[in-house]
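Peer 1: Taken in order, these protein sequences are the chains called A and B.
Per my numbering: the first sequence = residues 1 to 750.
Per my numbering: the second sequence = residues 1001 to 1161.
Where hints are given, some of them may not hold.
Simulated pairs of lysine to any residue, SDA-like, Cα-Cα distance not exceeding 25 Å [claimed, not checked]:
(1) K428(A) - G417(A)
(2) K1150(B) - M1(A)
(3) K428(A) - V1125(B)
(4) K1002(B) - K428(A)
(5) K286(A) - H160(A)
(6) K530(A) - Y590(A)
These aren't lab readings, by the way, just hints derived from the structure by calculation.
Predicted model, so just to flag it, every value in this text is computed and none were measured.
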Amino acid sequence: MPTLEAAEKVTGATRYVGDLLVPNMAHAKVLRSPLPHARVLSIDAAEARAAPGVVCVLTRDEVRAAGIEPVYGFVYRDAPLVALDKVRYQGDIVAVVVAEDAAAAEAAAELIEVDYEELPAVMDVEAALADGAPLVHESFSPIAPELRPIEGTNVCHRAHIARGDVEAGFREAYRVYEDTFTAPPVQHCALDLHACIASIEDGAITVWTNCQSPFPLQRELQRIFKMDARVIVPYVGGGFGSKSRDRLECVVTAAAQLAGRPVRLVLTQEETFQTFIRPAYHGTIKTGVRADGTIVARHVRFTIDVGGYAISGARSANNTLKVATGPYRIPNVLVECDAVYTNKPPSAPYRGLPTTQHTMAYETQLDRIARDLGIDPVELRMRNLVVDGDVHITGDLLRSTHAKECLEAAAAGIDWGTPSTPPETPSKLRGKGVSCTIKYTLTPPTRMSENGAAISLGEDGIFEVRIGTVNIGQGSDTTMAQFAADGLGVGLERIRVVHSDTALVPVDSSTTASRSTYHMGNAVLDAASKLTAETLAVASHLLERDAGDLALGPDGVEAPDGPTLAYDELVRRSGGPLSALGECVVGGTYTAPDGTEYPIASTFWSFASAAAEVEVDTDTGEVRVLRMGAASNVGKAVNPDSVRTQLEGGLGMELGPTLFERLVWDEGGQLLTAALMDYPLPTMETSPTYRPEIVEHPFEGGPFGAKGMGEIGSVITPAAVLNAVYDATGVMFHEVPLLPHKVLEALEAL
Amino acid sequence: MKITISINGKREQREIEPSRTLLELVREDFGLTGTKAYCHSGICGACTVLLDGAAVSSCSLLAAQADGADVTTIEGLAAGTTLHPIQQAFIDHFGFQCGYCTPGMVLLTKALLDEVPEPTREEIVRYMGGNICRCTGYAGILASVEAAAKALSGEIPAGET
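Only chain B is shown next, with the shape it has when bound in the complex:
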């Protein structure tokens, strides 16, 4: 079947098998390997991408379900060489170690802050609670999300999170 999607702002057409997952489409057809896989069952969140702005597990969606949609992967977040304030916050507040869960965590943060620009700690924990990180113990991720919210709401200048 033929699908049309906008991936990181670029309109693309692809002929795909109906059984192809969005994860396979992103990683294998578009070579965007920043999107990771672990559980392949929609639990761990490593494969999180944004589908029309909402965070979804790309392993658990068919590529066909993204037909006509805007898909943002981790490769689409920075503006050229300038990091997105969320990415900068994850660096400044040690929101990762091995980095494998980071694309999913950063995109989940983007979805959260688009929806709730000034989340409480409880709202962050509830929203981010689904994505698994094995390295940090989550303290650095929580601090990164809080700092990113402040940077994006203009409370502190971007790049000084």
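Next comes chain A alone, as it looks inside the complex:
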């Protein structure tokens, strides 16, 4: 079914943050660092302050004078509101100019004189890990207990996970394969630009923003400014992780405090590239197999480039330790990672990152192994994929896996086993490839998970569902309305959804990590169940009937032989609205058969496969993806149309970083690909046809058996495409994107 807000969206009536106006608001522009790494010696903003239309200028001096907390961050408190002693990447925030309009603010920003002492920069992980490398941060400030920085280096988090004895596994292997993998940074390019309006009135902050984590942001505002804060997130035009953490809201609030009036900031597209990016990934993967293709050992080492601030990037690295060895039964595994500071923009999650890069690494290596051993790639996977009852690398007992069924369904989508139709000219080559993955969701204790929902029955006879989930295009209002309607036993027309306003809805951790359907869905069902009981109790009293004889009907509470008590009348007669708070409790431990207690590493595990057919032009090096199949075990598809479009969207989005997207900096730390002119995105012309398939095996504990799937499509894309190129050309690429000149070079080297 279409989403509830569909008509609003096709008529242009939907309001995103950039469309909002607040009375008396002023406009902000950010002055950014031109250098990747420098000490800030002095800032002279006198001329800017005197410029026409300027209200105020926020620099480190005003931040210090205001007595507010000058640094913020979710897991690392390392990001200053505006630069304090140093700037740490080109585009780092140095000052904020507030003026009557954005043009005046922009003009005045150019009048600010900043004296920098340039410092040597570390533009990639290799440079940052070198002996004697300049330090991006001289000290560490982790606030999440699981983070382990290495003092005196740029490593802000080092972690590992292991099972079995990986060296013993390699010793018993028939063959051992080792490969190195690289994926450069890219940007999310959510079209709804980062924007916020901050207002302080009567000692309380109100922020309108398109941040994906309104409640953590609210807490951060309260900590920094020591006053109440309300965060309102209207419809969001895509985020894909770029808005998962706040980056501007605290800065703009400081500017509003200084200005004494509401302040609005809307970034340009170029500035979004200086705000959050998907980090560079480098890794090696070593895999030992028996002669029949059974995997016996796997060792993965990888680095994540978290950029100048590890606001949340270090934890992203930690989370993906859990999935780096893939959806396979492997008795001996070791995964090691370093999250490393560099002088790049801060990193943010990106629709499943870095599960995407891990999947690329282990799945492309698996095709190399398949060819070496003479085993069909699908067959090799079938021999190794996990099944229900297997124990994962984390100790978790896996259930609702059905990874093999996903692979079969995805492969069927491109007629796996049937040779490709011959291309029109012999200079073009066609081939097919598949991929499989396993993905986690954010789970305590690695991440606090709070999941509340409220439903109330008001005097208009409408059930109002109040959720913290941000409606970012995934259709969450509709899915939650469906849960509420089913849970209550009423029609969708009786449901109204209120979303993501911290003053109106219960606490929710974030709209990230494919977590909302499961967590918020359960909370909504819990609230529906409690409200049903409460409503029946009230009706029982009013009707003088036993509550057990009554039921919620489409228009009111129904007795088997009596009249219906209409919902609006019930509320009027009961003296006011009825309301219930629901929650989803997660966490706990799992006891293995040997008695070992493991904290549950992921509340649910997602499984999916992709298949791709490509055409490689050996004259130009151009790779075209012709068609893609994909399948995910979603437990239960609550809105099958939304599931299919999410799968397609994930596949299509990730084709960009697979084929042509990448951010490039020059030696001086200047971003060369900051505008769409130099940073092409997938278009209808570059898009294949898709065959998204839903696999449904109810997950016990999920709402109606559902689990999350919002990111799974992108995760499985690069590996399937690279394997198809390998099939077509015999060249296995160990990096993305597949730029034509690189493809040509590799083909010539054959």
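Chain B: place on chain A using the hints.
Peer 2: Same frame as chain A, but now just chain B:
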């Protein structure tokens, strides 16, 4: 300077700065925020409006260039509460998720189908190839355009795309 334009069928006069873009005129002076912005460089198509029936990037045109012209924005497409068949097709065929690119996509479809009422798939892809969508992977948009063409050419009744 003074300009006169017809916006969504209504004749309007405005005194504007010569440097004002058509995008700023539409969004800020007329409050028609259905027209979106992203790249501000005429590439992404989020700011597409119809200028005398042709699809243009309003971020890359001066408001002055629209003097004397008919401008249609997304707010001008539906007839009251009745959706245009193109809008209905985008709903029925999941031509959007977050909705941010949708005004531009719908108006680009309108320009295409006014010009080529029964486009081939290749013609649709070539015409629509400039507008960026980050959510759908384009399959739903392609299906929406094809369904809208059928609805508008009377092959299937409007509202049953």
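Peer 1: Against this structure, judge whether each hint is valid.
Peer 2: Each hint tested on the structure:
1. Proximity of K428(A) to G417(A) is assessed by CA-CA distance (about 20 Å); at most 25 Å being required, the pair is judged to hold.
2. Distance restraint check for K1150(B) and M1(A): the Cα-Cα separation of roughly 21 Å lies within the 25 Å cut-off, and the hinted pair is therefore satisfied.
3. A distance of roughly 22 Å separates the Cα atoms of K428(A) and V1125(B); the hinted pair therefore holds under the 25 Å criterion.
4. Annotation: proposed proximity of K1002(B) to K428(A) is violated, straight-line Cα distance about 57 Å (limit 25 Å).
5. Proximity of K286(A) to H160(A) is assessed by CA-CA distance (about 15 Å); at most 25 Å being required, the pair is judged to hold.
6. For the proposed pair K530(A) and Y590(A), the alpha carbon gap of about 29 Å is over 25 Å, so the pair is violated.
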